[in-house]
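Chemist: Chain residues, written in single-letter form:
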Amino acid sequence: MRLRGRAPLALHRPPTGSTHRKYPPRRPTLATGTEPSSQAGASGVHAASRAAIPARHLRTDRWWLAPACTAAGLLAFVVYSTWRAFANADYYHAPYVSPFYSPCLAQNCQTMHGGPNWEIFGPWWGLSPALLILIFPLGFRLTCYYYRKAYYRGFWASPPACAVAEPHKKYTGETRFPLILQNIHRYFFYFAVLVACVLTFDTVLAFRDEHHRWGHMGLGTLVFLANIVLIWAYTLSCHSCRHIVGGRLRHFSKHPVRYRLWGWVGKLNERHMLLAWCSLFSVGFADLYVYLLATGAFADPRFF
Amino acid sequence: MSVQNVGGRETDGTDGTGGHGVAGQRGEARPANGPGQAQGGQSGAYLAHFRVWRGDADGGGLEDFRVEVHEGEVVLDIIHRLQATQASDLAVRWNCKAGKCGSCSAEINGRPRLMCMTRMSVFDRTETVTVTPMRAFPVVRDLVTDVSFNYAKAREVPAFVPPAELGPGEYRMQQEDVNRSQEFRKCIECFLCQNTCHVVRDHEENKAAFAGPRFLMRIAELDMHPLDAAPEAGLDRKGTAQDEHGLGYCNITKCCTEVCPENIKITDNALIPLKERVADRKYDPLVWLGNKIRRRGQ
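Chains A and B are the protein sequences, given in the same order.
Under our numbering, the residues of the first sequence are numbered 1 to 304, in order.
Under our numbering, the residues of the second sequence are numbered 1 to 298, in order.
Rather than coming from a laboratory, the hints here were simulated on the basis of the structure.
Beta carbons are placed, not taken as given, at the ideal position from N, Cα and C, and that holds for glycine.
Some hints could be false.
Simulated pairs of lysine-lysine, BS3-like, Cα-Cα distance not exceeding 27 Å [claimed, not checked]:
{"no.": "1", "chain 1": "A", "residue 1": "K149", "chain 2": "B", "residue 2": "K292"}
{"no.": "2", "chain 1": "B", "residue 1": "K282", "chain 2": "A", "residue 2": "K149"}
{"no.": "3", "chain 1": "A", "residue 1": "K170", "chain 2": "B", "residue 2": "K282"}
{"no.": "4", "chain 1": "B", "residue 1": "K207", "chain 2": "B", "residue 2": "K186"}
{"no.": "5", "chain 1": "A", "residue 1": "K254", "chain 2": "B", "residue 2": "K186"}
{"no.": "6", "chain 1": "B", "residue 1": "K265", "chain 2": "A", "residue 2": "K267"}
{"no.": "7", "chain 1": "B", "residue 1": "K186", "chain 2": "A", "residue 2": "K267"}
{"no.": "8", "chain 1": "B", "residue 1": "K207", "chain 2": "B", "residue 2": "K265"}
{"no.": "9", "chain 1": "A", "residue 1": "K170", "chain 2": "B", "residue 2": "K207"}
{"no.": "10", "chain 1": "A", "residue 1": "K254", "chain 2": "B", "residue 2": "K292"}
Simulated DEER-style distance windows between Cβ atoms [said to hold, decoys possible]:
{"no.": "11", "chain 1": "B", "residue 1": "D236", "chain 2": "A", "residue 2": "R176", "range": "40 to 46 Å"}
{"no.": "12", "chain 1": "A", "residue 1": "F136", "chain 2": "B", "residue 2": "K292", "range": "25 to 31 Å"}
{"no.": "13", "chain 1": "A", "residue 1": "A226", "chain 2": "B", "residue 2": "L227", "range": "43 to 49 Å"}
{"no.": "14", "chain 1": "A", "residue 1": "C69", "chain 2": "B", "residue 2": "Q182", "range": "34 to 40 Å"}
{"no.": "15", "chain 1": "A", "residue 1": "F136", "chain 2": "B", "residue 2": "P163", "range": "39 to 45 Å"}
{"no.": "16", "chain 1": "A", "residue 1": "A87", "chain 2": "B", "residue 2": "K186", "range": "47 to 53 Å"}
{"no.": "17", "chain 1": "B", "residue 1": "D236", "chain 2": "A", "residue 2": "G126", "range": "32 to 38 Å"}
{"no.": "18", "chain 1": "A", "residue 1": "R176", "chain 2": "B", "residue 2": "R155", "range": "47 to 53 Å"}
This is chain B alone, in the form it adopts within the complex (with noise of 0.2 Å):
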């Protein structure tokens, strides 16, 4: 499966709830169709087979759907038509349905994904679609999870630190020196990383220890940051992102790169050069020698 860039594709419309929470029952008045039936009429439309989640925290299980998909639809949109026709108290979080709110994270045939952002099209017509909810984070009902624990670690990163000698307006930076932040800030923050980071999620009791990698690329964004004044506050983000946020758990196995939806490269340009960054002021007496001898920062 492939992630695609579905930018054009024509939302349907039917949502009625101006766009956020839970979307709403009214949904499109369509019928669905009887089982093995396909829309007449309709080009490329067929029945497709779905199990999706169904529960809360005192249990639940996959309940099966067929359910009507036409060309160009997304998992999202089947979700929606679900909600319309068939199962109208399905719990699911969404927001722009353009792959930028990061709202629609579930896990589709086993994979994490935005709903969203998942064409039907790289699908069997024939093969069964799964969708569950994160499987890292609490659930709180059907398809939709409690993130909190992803607010709790954004907090405990300290925050970008201003220079003392420049004022509000007065900051000046080299396009050269931003780039690599500005990658990481393309991040919508739909969790799929912190949710596919087997520190975390097979291991819960690792939650306190661990900020997971959205988190660790957040302290390399301003370690990188060209004012940042963290050091000149005495703050060391490089020796507190091992210490404090759990930096060593991280066994660079690149899942969290693999399903980025922004294709951000979490690991080769945020968690390897934090950790070499760590290296430098942990574990390498030659750099410790250097900087003692030149006393000079970065």
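Okay, chain A solo, but in the shape it has when bound (with noise of 0.2 Å):
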């Protein structure tokens, strides 16, 4: 506190009124029954030494609300990306290929007429050619500042969510392995810039038709329009991107053109959590767009 001159603590001031009780030592007389909680050997919000109140929090409001949610939508996607990924099936419908199997690195890709077909791995890998491609978007997400809170808040209750006391009797963060690696999120995030270069690539193609004729578009190429705006959007408003742009410098005045694309980037960064979500949202409902057509369930409303 800045006031350092301050007078003490009068907490021995002359006692005026009925009200008083002798002080020290000071037992009060509890409404609650709430005498002397302190829990031997007790860590936390009930160490010895803290304020004696049994209850782990005291928040009246639904802090519950917000970790449920993020749990049950990550785990709504992980359970629907978790089958895509390993269905390799039903993922191009020209001239459409899904972001999960983008690029298709292996021999065992459908053929996608000038689509990103780099067959890098050859005839002896039998999974589904989407495990290759998609360590780097998790990875991404994975060690991502803002998905790193969710998680931990939502599914390690660590903590569930402020002032409410986590139910773990150690913490060490991410001082040691296997959260340590925390700190490769940057190298995460060229591996995404790549990617999402590639899915650029697959929006332009989707200017095409079903024969792979150029100036057409249809109901799909806008929601991959969307999905690659949202991409890049939360892909350049990571806090790694906004830290080699610009953040990194101490002076930025001597290098004006990156603290201009540092300024951008913040701005982008204020809203990465809402980025994080619509870009996961719309990744899930491009690919889910691809599987429909693939299997004929829809068919894809052509504009021009």
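Now that you have both chains on their own, put them together as the hints suggest.
Modeler: Here you go:
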């Protein structure tokens, strides 16, 4: 506190009024029946030196709602994407390729006319080709500063919400393996930029018709356009990106271009959480759209 | 609940203590009403149900009060009214009543807040308002806690290192170079962020190793300072942030940002940039190689 010269606590002020109880020692008669409750050997908010309050928290708002929604949303996406990643089917319907399978790096990929087919992995790769590429966006989101907050709170209850005691006895945070690996987020960012470039290419390919002729557009093109805008916005709003473009500098005045870029990324960065959720939804929706087309459940409305 | 600026609010002038220490007992002359009765003639006045933690390090508990509330008042006003009318020995730390001194930190309905910046109008009139001391620090008495942990941590952060070539009055800095640090200078050291951070709140044993958000922000402030000569003096603020001040304990769950009464974006603008700077120094072989080749500082 800034007012250093403040008078000391007047704890021993002469008592006035009839309500005074002698102090010290002071053992108030308690209306709530919460006599000294500091549990022997307890830690955290129940440590002996802290105010004796038996409850883990006294919050009266619905503090559990945000972590519960977060956990439910993430869990839904994990279940959906796991199913789609292992399915190894229904990921291409000309001219659209599912973002989960792009770029397709194995020989067992479906041939996509002019599409992102790069047969780096030979016939020995028998699993779904989605597993080869999804590792990068997965790693990017898993080490993302927003998603870390989301799953630490939602899944690990560390903490479940602010000022709500966590259930864990020990806590070492990101000081040791494996969580110290969160520090490689920037490398996943570099890969995420490459993947976003490929998805941009896919979006350009979506301006074709089912016979691969250019200059056409359907509802799927709009879905892919919205997805790629959100993917780029999320990728560029990353905290590591903000650091790389300018945050690491000490003298902005000597690097005006990077300072300007840093400002723009900062504006996006303020909405990192929103962009994380929107892009997560849009990438899942783009995949679902391709799935529906590929299975014939839905026909792509063509505009021209 | 939302923290609102109460600028322009009239203080009731009842302290009588010169605005320091624990509030005096002289208080307001107005007597308390009987239970369930609002003060007649006062627009918007009502009787609120308060539960206030009372006790000391030996023990204590929540005590119930019925207390009068008037329009425009904040929680600290009500605590003062309790002192004046019902609990004359209630200990509470406060100073400015304007959200600038950082003294009246407490937990209101379980949420770390400044009592002087929490309007009574954010609560339903029938709601019980629970006020407890901060739960991360040792309690002294009633709402007063021993925050010396923070002073110890403040002393562990090496101070600004003056550049050798500049004398007093010769410092020149561009505004864009100091913008970031200036945000952190808004800190009023209320220690609500230190209180709510689960690293020390829920794990007493981490207090030795972890400086807490306020002081990691201080390190970030100095590391971003355009004239800090720490590197020239052989002081590696980035490395020590991780090794000596426990930055790795932070799992960026943003509670510090949520409770900050000055709305400083502690996590996004201080802790995460500091984590990235630490990654530059300790976990990024490419940056390390680039610095070796170019031998260029920032």
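Chemist: In ascending order, which of the hints set out earlier in this document are inconsistent with the structure?
Modeler: 1, 11, 17 and 18
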